[in-house]
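Number of protein chains: 2
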Amino acid sequence: MPTKVSRSAEFLASSMTSSTAETPDPDAFLEKRLASSSYRVEEVPLEELPDWRVDDRLSHRSGRFFAVEGLSIRTDFGSTPQWCQPIIVQPEIGILGIIVKRINGVHHFLMQAKMEPGNSELVQWAATVQATPSNYQRVHGGRSTPYLEYFQEHAGRRMVFDQLLSEHASWYLHKRNRNMIVELPETEDIPLSDDFAWLTLGQLRQQLKRGKRVNMNARTVLSGISYAGEGAPDFFGDIADPFHLQVVESHRVGRSEADVSAALTWLIDQKSRFSLDARRISLNDLDEWVRGAYGIRHREDRYFRIVGLSVTATSREVDRWSQPMLEPTSGNVVALVCQRRSGVLHFLVQALAQPGLQDRLELAATVQWNPGNYRGPDDFPPLAEYLDAPASWTCLKAVQSEDGGRFLRADTTHLVVDVPEGHPVAAPDNYRWMPMGTLNRLIRSGYYVNVELRSLLSCLL
Amino acid sequence: MPTKVSRSAEFLASSMTSSTAETPDPDAFLEKRLASSSYRVEEVPLEELPDWRVDDRLSHRSGRFFAVEGLSIRTDFGSTPQWCQPIIVQPEIGILGIIVKRINGVHHFLMQAKMEPGNSELVQWAATVQATPSNYQRVHGGRSTPYLEYFQEHAGRRMVFDQLLSEHASWYLHKRNRNMIVELPETEDIPLSDDFAWLTLGQLRQQLKRGKRVNMNARTVLSGISYAGEGAPDFFGDIADPFHLQVVESHRVGRSEADVSAALTWLIDQKSRFSLDARRISLNDLDEWVRGAYGIRHREDRYFRIVGLSVTATSREVDRWSQPMLEPTSGNVVALVCQRRSGVLHFLVQALAQPGLQDRLELAATVQWNPGNYRGPDDFPPLAEYLDAPASWTCLKAVQSEDGGRFLRADTTHLVVDVPEGHPVAAPDNYRWMPMGTLNRLIRSGYYVNVELRSLLSCLL
Numbered sequence: 001m002p003t004k005v006s007r008s009a010e011f012l013a014s015s016m017t018s019s020t021a022e023t024p025d026p027d028a029f030l031e032k033r034l035a036s037s038s039y040r041v042e043e044v045p046l047e048e049l050p051d052w053r054v055d056d057r058l059s060h061r062s063g064r065f066f067a068v069e070g071l072s073i074r075t076d077f078g079s080t081p082q083w084c085q086p087i088i089v090q091p092e093i094g095i096l097g098i099i100v101k102r103i104n105g106v107h108h109f110l111m112q113a114k115m116e117p118g119n120s121e122l123v124q125w126a127a128t129v130q131a132t133p134s135n136y137q138r139v140h141g142g143r144s145t146p147y148l149e150y151f152q153e154h155a156g157r158r159m160v161f162d163q164l165l166s167e168h169a170s171w172y173l174h175k176r177n178r179n180m181i182v183e184l185p186e187t188e189d190i191p192l193s194d195d196f197a198w199l200t201l202g203q204l205r206q207q208l209k210r211g212k213r214v215n216m217n218a219r220t221v222l223s224g225i226s227y228a229g230e231g232a233p234d235f236f237g238d239i240a241d242p243f244h245l246q247v248v249e250s251h252r253v254g255r256s257e258a259d260v261s262a263a264l265t266w267l268i269d270q271k272s273r274f275s276l277d278a279r280r281i282s283l284n285d286l287d288e289w290v291r292g293a294y295g296i297r298h299r300e301d302r303y304f305r306i307v308g309l310s311v312t313a314t315s316r317e318v319d320r321w322s323q324p325m326l327e328p329t330s331g332n333v334v335a336l337v338c339q340r341r342s343g344v345l346h347f348l349v350q351a352l353a354q355p356g357l358q359d360r361l362e363l364a365a366t367v368q369w370n371p372g373n374y375r376g377p378d379d380f381p382p383l384a385e386y387l388d389a390p391a392s393w394t395c396l397k398a399v400q401s402e403d404g405g406r407f408l409r410a411d412t413t414h415l416v417v418d419v420p421e422g423h424p425v426a427a428p429d430n431y432r433w434m435p436m437g438t439l440n441r442l443i444r445s446g447y448y449v450n451v452e453l454r455s456l457l458s459c460l461l
Numbered sequence: 001m002p003t004k005v006s007r008s009a010e011f012l013a014s015s016m017t018s019s020t021a022e023t024p025d026p027d028a029f030l031e032k033r034l035a036s037s038s039y040r041v042e043e044v045p046l047e048e049l050p051d052w053r054v055d056d057r058l059s060h061r062s063g064r065f066f067a068v069e070g071l072s073i074r075t076d077f078g079s080t081p082q083w084c085q086p087i088i089v090q091p092e093i094g095i096l097g098i099i100v101k102r103i104n105g106v107h108h109f110l111m112q113a114k115m116e117p118g119n120s121e122l123v124q125w126a127a128t129v130q131a132t133p134s135n136y137q138r139v140h141g142g143r144s145t146p147y148l149e150y151f152q153e154h155a156g157r158r159m160v161f162d163q164l165l166s167e168h169a170s171w172y173l174h175k176r177n178r179n180m181i182v183e184l185p186e187t188e189d190i191p192l193s194d195d196f197a198w199l200t201l202g203q204l205r206q207q208l209k210r211g212k213r214v215n216m217n218a219r220t221v222l223s224g225i226s227y228a229g230e231g232a233p234d235f236f237g238d239i240a241d242p243f244h245l246q247v248v249e250s251h252r253v254g255r256s257e258a259d260v261s262a263a264l265t266w267l268i269d270q271k272s273r274f275s276l277d278a279r280r281i282s283l284n285d286l287d288e289w290v291r292g293a294y295g296i297r298h299r300e301d302r303y304f305r306i307v308g309l310s311v312t313a314t315s316r317e318v319d320r321w322s323q324p325m326l327e328p329t330s331g332n333v334v335a336l337v338c339q340r341r342s343g344v345l346h347f348l349v350q351a352l353a354q355p356g357l358q359d360r361l362e363l364a365a366t367v368q369w370n371p372g373n374y375r376g377p378d379d380f381p382p383l384a385e386y387l388d389a390p391a392s393w394t395c396l397k398a399v400q401s402e403d404g405g406r407f408l409r410a411d412t413t414h415l416v417v418d419v420p421e422g423h424p425v426a427a428p429d430n431y432r433w434m435p436m437g438t439l440n441r442l443i444r445s446g447y448y449v450n451v452e453l454r455s456l457l458s459c460l461l
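One line per chain: the protein sequences are A and B, in this order.
The opening residue of the first sequence carries number 1 in my numbering; numbering runs sequentially from there.
The opening residue of the second sequence carries number 1 in my numbering; numbering runs sequentially from there.
The following block holds chain A by itself, in its conformation from the complex (with noise of 0.2 Å):
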């Protein structure tokens, strides 16, 4: 047994074990936990939900939870340069955490079988915890937090992973989390509660290819784990599939203090050049969005509708709750082009503005693709072409649910296009070609890297 090998090894290694006696088929569990409880999740209008109330904004009766204002938006980023819109304004942190543990020489990680009404699979592996203030307090009455004390207590603990991250800034003004990942001791018991399980990372992994597996929130989560670092050893002999070879050869990559100082220096070169001013409004003084009885909703039904909903379940801290939810009109892609350059596997990604984002920009997938937000061909965002790249050129091909507690049926069609080697590839001033090392470096650095990037990046474990 290895004795003083690095963790970023050590993640490797579990990311190349497909079970341990410690785990369980992880798709035979999913379904178990899914056939265990019922759900009923239906539709209801907005102006029925109890405990929420709509005027100038959609709000809960607590002055908790979440709230849906009206954002008005000019940018010279982009071909629209002033729109108006809902979004989702929830300013409490949460916290998004992994336990991970060395059992028998492998990691582990701690996740736990969630269902979230939003999501087309309902039950999909999420994070060890997953939990707002409002929830984690009880706002709602319900059950506590299994395993919150090991994120909230945190002192003496080893942690591997500490960021506020952002997420999707179409939908949510400002809105980060706290994503952590906690290393036990060997020697530490922790028990096991119903809805929990040990994975490896090599099981996650499969998940992750199959898609609806892993929730947006594990997902974020898993995209701070990196395969290099000091003492990172060479067994990479050991990975048959070369592009995942390739993957973890580019972790290694681009990972110094100058290598970042100049991906930061493009950063802001590209912050410096477009300007974004964002201010909340009243929902009554949204010009294109109409209020009925489907919830609010474009008056092209362009973008998203703002539903209600009413969730009856068994397996949640309470048993019976509704809540207003963002539905997405559908066929969301997000996709990164690839390619080997000089040897090295880099990513193409691209600095985007978003409305709901603290500082302006951050970076993004080649391609994020919301068919809603654009009006035909002429409209296209640049590179689209990818999207429609030979089969021979798709590593991955997945569908991921966004987060299914605030959005509904939000399926994003994940694509990873590894274009050959010296294949010329055309891309506007604010893109650039990033190895996997600067991107996870950036990644733990905070809000440079967004949730949609960070979630194909998770995909590539």
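No wet-lab data here; the hints were simulated from the structure.
Even for Gly, the Cβ is constructed at its ideal location relative to N, Cα and C.
Heads up, some of the hints might be wrong.
Unchecked claim - Computed beta-carbon distance windows for the label pairs:
#1 B:Ser144 x A:Tyr374: 39 to 45 Å
#2 A:Arg340 x B:Asp56: 28 to 34 Å
#3 B:Glu43 x A:Arg74: 30 to 36 Å
Unchecked claim - Computed list of chain A residues with no C-beta within reach of chain B, every gap over 10 Å:
#4 Trp83
#5 Asn104
#6 Leu245
#7 Arg299
#8 Thr329
#9 Ser330
#10 Gly331
#11 Pro382
#12 Glu421
#13 Trp433
#14 Tyr447
Based on these hints, arrange chain B on the given structure of chain A.
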């Protein structure tokens, strides 16, 4: 002459150099520049400012430069849960950049003697470039900005420091500027324009100690300088001043990834504890503020006033202009308590919420004291007693000007109090001791250290 010495060591050597053949007498230079131009600065009613209009906001007819709007704040940080105030909105990202160059073996800083109408000492040392896009795109039709190209077209340049950093978040909403230090090769010639001079860091140190000689924008850029880093040598024996020696040694402590991560985890804990909701509103909806012949003021004359200023000058881009200014109530102090702990100088900083910060709170000095904000002794901030510390504990006391391009007569006393080793200091949970190495790395990482603390730290260089 050393051949392979790190830049940190070279900066330290420069800080111990009090003059060279390249440098003027700094005081004489400022006096000469002041005498060579004539300035007239005069208060005028806001309504009489040409090109500015007051309605629900105070703005320039071009839509550029900046605006004054209303802000409504709710927070559970501090003793005031809710208030409204005017705030300056300036979404543009300005450049604050200093050129450095090794001349005859010593690093020199290219500084500009710059007049700013709000400063009580009109002409002070500024960064090489201090300009917003509205300035350098010449919205006012004025002269071009010298040396701008060294910062805008920086490809291939040696970037010593490049970061977006926040500014006075009680007066500005989400304001940030790009702080840059660019190093030229020894062999690259650069013309020396009027009003510009090379200074050593030692000269800047002396000017900083005297007060009102180095402007706010230069101070924030200088705060990015580190005396530690790869290959920094041990010639600290040359440092005669024992307190300076302790500061330099403290630069080398707390710089590891683990140290910075632990500090950030603590800061995220603080961000999670407190809430802050800031909403832009109309100037007309500020209940406690009145508009009159003397601008916009609080009805009890607290906090600050917004006034009009008419300026006539012969050394600026344009010879005559008018603009609104923010004039704070007088008596502002920032004080930093430090103490030798386990043999290393540590600084007691607090996580402080301010309404204009992008992410709720940043690190601030031990005491950030604005008498106009407090109603009486019961309302004093924690640790205010150190403002009256014995003279023998006081390592620095200098009055510095805030940005005289926006703030009128905004003088802040900068105080550093060195508490004897072992003397107990009691502080609330949102305070933490940090060595200079950690603080410097946090400055270099972005929005973690507020401008008031950065200004203080620059005085300790």
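Practice prompt. Would you assess whether glycine 331 of chain A, listed as outside the interface, keeps its beta-carbon beyond 10 Å of every beta-carbon in chain B?
Written response: With a cut-off of 10 Å, glycine 331 of chain A remains clear of chain B, as the shortest Cβ separation is near 33 Å.
Worksheet item: When you look at the beta carbon of asparagine 104 of chain A, is every beta carbon of chain B farther off than 10 Å?
Response: For asparagine 104 of chain A, whose nearest Cβ neighbour in chain B is about 28 Å away, the distance exceeds 10 Å, so it holds.
Fill in: Verdict for serine 144 of chain B, tyrosine 374 of chain A (Cβ pair) under range 39 to 45 Å
holds, 40 Å
Fill in: Separation of glutamate 421 of chain A from chain B, once the least beta-carbon distance is taken, above 10 Å
For glutamate 421 of chain A, whose nearest Cβ neighbour in chain B is about 25 Å away, the distance exceeds 10 Å, so it holds.
Practice prompt. Taking the shortest Cβ-to-Cβ distance between threonine 329 of chain A and chain B, state whether it exceeds 10 Å.
Written response: Per Cβ check, threonine 329 of chain A is outside 10 Å of chain B; nearest 29 Å; holds.
Worksheet entry | Beyond 10 Å from every chain B Cβ - status for tryptophan 433 of chain A | holds, 16 Å
Practice prompt. Could you let me know if the closest chain B CB is still more than 10 Å away from the CB of proline 382 of chain A?
Written response: Proline 382 of chain A is indeed farther than 10 Å from all Cβ atoms of chain B, at 22 Å.
Fill in: tyrosine 447 of chain A and chain B, when compared Cβ to Cβ, separated by more than 10 Å
The claim is violated: tyrosine 447 of chain A sits with its nearest Cβ about 8 Å from chain B, within 10 Å.
Worksheet item: Would the least Cβ to Cβ distance between serine 330 of chain A and chain B come out above 10 Å?
Response: At about 33 Å from chain B, serine 330 of chain A clears the 10 Å cut-off, so the statement holds.
Fill in: Distance restraint hint 28 to 34 Å, applied to the beta-carbon atoms of arginine 340 of chain A and aspartate 56 of chain B
Given a distance of about 55 Å, which is not inside 28 to 34 Å, the answer is violated.
Worksheet item: Does leucine 245 of chain A really sit off the interface, with its C-beta more than 10 Å from all C-beta atoms of chain B?
Response: holds, 27 Å
Discussion item. According to the definition I'm using, a residue is off the interface if its beta carbon is farther than 10 Å from all beta carbons of the partner; does arginine 299 of chain A meet that for chain B?
Written reply: holds, 26 Å
Hint check: violations occur at hints 2, 14; the rest are consistent with the structure.
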